[in-house]
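S.K.: Put together the whole structure using the sequences plus the hints.
The lines below spell out each chain.
Number of protein chains: 2
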Amino acid sequence: MPEIRQNIVTRDWVIIATERAKRPEEFVKRRQVKKELPEYRNDCPFCPGNEDKTPSEIYRIEQDKQWQIRVFPNKFAALNNDGTAERKREGIKRVVSGFGVHEIVVETPKHNLTPALLKKDQIKNIIKTYKERYNAIYNDKRIKLVTIFKNHGESAGTSLEHPHSQIIGTPITPSDIRYRIEEAMRYYDDAGECVFCRALREELQDGERIILENKNFAAFIPYAALSAFHTWIFPKNHSSCFGLISVEEIEDLAEIFKGVLCKLYYGLGNPDYNYVIRSFSKLGPSLEYYHWYISIIPRLSKMAGFELGSGMFINTSLPEESAKFLRDTKCPV
Amino acid sequence: MPEIRQNIVTRDWVIIATERAKRPEEFVKRRQVKKELPEYRNDCPFCPGNEDKTPSEIYRIEQDKQWQIRVFPNKFAALNNDGTAERKREGIKRVVSGFGVHEIVVETPKHNLTPALLKKDQIKNIIKTYKERYNAIYNDKRIKLVTIFKNHGESAGTSLEHPHSQIIGTPITPSDIRYRIEEAMRYYDDAGECVFCRALREELQDGERIILENKNFAAFIPYAALSAFHTWIFPKNHSSCFGLISVEEIEDLAEIFKGVLCKLYYGLGNPDYNYVIRSFSKLGPSLEYYHWYISIIPRLSKMAGFELGSGMFINTSLPEESAKFLRDTKCPV
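Heads up: the protein sequence lines correspond to chains Y and E, in order.
If you read the first sequence in my numbering, its first letter stands for residue 5, the second for the next number, and so on.
If you read the second sequence in my numbering, its first letter stands for residue 5, the second for the next number, and so on.
Calculated from the structure, these hints are not laboratory results.
All values reported here derive from a predicted model rather than from experimental measurement.
Wrong hints could be hidden among the right ones.
No copy labels: a pair is met if it fits in one copy or bridges any two.
Simulated pairs of lysine-lysine, DSSO-like, Cα-Cα distance not exceeding 30 Å [what the hints assert, rightly or not]:
1. 26 to 219
2. 26 to 57
3. 26 to 306
4. 306 to 92
M.R.: Here it is, written out as structure tokens:
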């Protein structure tokens, strides 16, 4: 009998299709063989030596006179960072002029690396960069939401091979975000505690969906994961704002983040994935009812008409089995 | 300057990326050449002669002793149609046993046809079948939502070539649906009219995003279309329930539906697409604040990290230009 599970945090429902569920190994076979990439490409605007091919640098982390991380505006930005966020309403036409911020974070000088294969110190550099830019962009009063995300691989929407992530700051708060905030607030009002803290506590007690944990973070496949190997990384200490992450927490997050990406890489054969940091600072830096986290979504299945039409998902894997598979996946040190 | 537009009906926000927008013709070039299919395949369970390879038939439309449409349960159903929809709550585990209905609608006996190339009478047969099954499934008190949808082409999630659509009845109402209903209700309370009626009226007045219209239906690319060529078909007479569609309306819907699918087929070169009928009968058959409609989503771009993380979309086409392109697309009679 299939199960329809509800995620207590997002209120999303998912059909866990037990009768047509695949074993974790079956998700490996679906990958395509990836081509070998060179360490450097002359024609890649993100490779060292081609710094003049990108818009002016906003931020960098250097080591031994070589940049390790670079941040600059997206040359093909979806939004324009001069001007104002002017709102107009005329009948059904509700529009904001497309003011906003769209930045690129180049994650390593090496063209052929992938976050799973970076050293832990470089993952720390990436997290530090995210924190720096996150706080800087939220400082602009016109920005209402900062989304930090990565598209890894073609089916996750990447157009450039060189490892990079993106940061978009928009002058509006989308309704999806507002609904989540309202639901978290309602849970807090009803139950007297943060729904994320509760979910994490029970996931840790249950244990069977945990992938990795250390002092400050835990990675798990949620009870009602929407798709195969959909993974959440939660800070253990309640905090509503990623921008407040401490030095000690960055250390621990880097360990868990690298650990999960490595397990996906070696366990599933470098699948395409997206990740996103979910944190909403405009609510105030530290709220009792909201909890920031990272969501990693391997792109092992497609959203089809049912998902688009109902907002429900069909997951053809068992979260408990997938978590065990990743727990048992060994990575070379 | 890009524009951030809000859809008054769904409240979704979309970045219309004017600065990196493509011309309509550029979406054609992205298509892959499709392979030629035979009219009949011995190994296709949906082809005539192989009726014994499907679960027992629920419904059919015949002409000259040959079936034109067949409906039967999905052999690999996501949900199980015996048993009860039992709800359990234990800590964070909220689960409903996977009772539900999952049916296949074979749209034509011919393996190599596609809805765009079917005769109008056959499109009418498909709509009649949807109506019949929609009402029958909603009659089951355990079912809360019926989703009628089609996945056309690989990137839209099809696994079988033979033209077919699917109907899923779930024992729960997803929160996405609930939010939409609440927003429509709130608009109705504030403005005193159905938000869909208002949007349709203004789209018809504006005219520039209209693709086709006749007495009872209009097809248009909404002002804040989430993705390229995303098309809506609205009934002109207010009705909250697809199951109440009249014989005359079926005639008119078939004309518009075929017209739009043809224009997509010839204009864009048979793109992959999903369509879904959005109608919620559990609210009562005829509500003043809700309006059923059909949403057609050509899969010309990918959802990436930004969309997954923020619930906002980036549309690299201009709705006005896309609608003009489809209006101007001529189809062979």
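S.K.: Now tell me, hint by hint, if it's right for this structure.
M.R.: Structure-based check of each hint:
1. For the homomeric pair residue 26 and residue 219, neither the shortest alpha-carbon distance inside one copy (33 Å) nor that between copies (49 Å) is at most 30 Å.
2. In the homo-oligomer, the alpha carbons of residue 26 and residue 57 lie at most 30 Å apart only across protomers (23 Å), although the nearest pairing inside one protomer, at 45 Å, exceeds that limit.
3. Taking identical chains as interchangeable, the C-alpha atoms of residue 26 and residue 306 lie at most 30 Å apart whether they share a chain (15 Å) or sit on different chains (24 Å).
4. In this homomeric assembly, residue 306 and residue 92 come within 30 Å of each other (Cα to Cα) only across copies, at 29 Å, whereas the closest approach inside a single copy is 36 Å.
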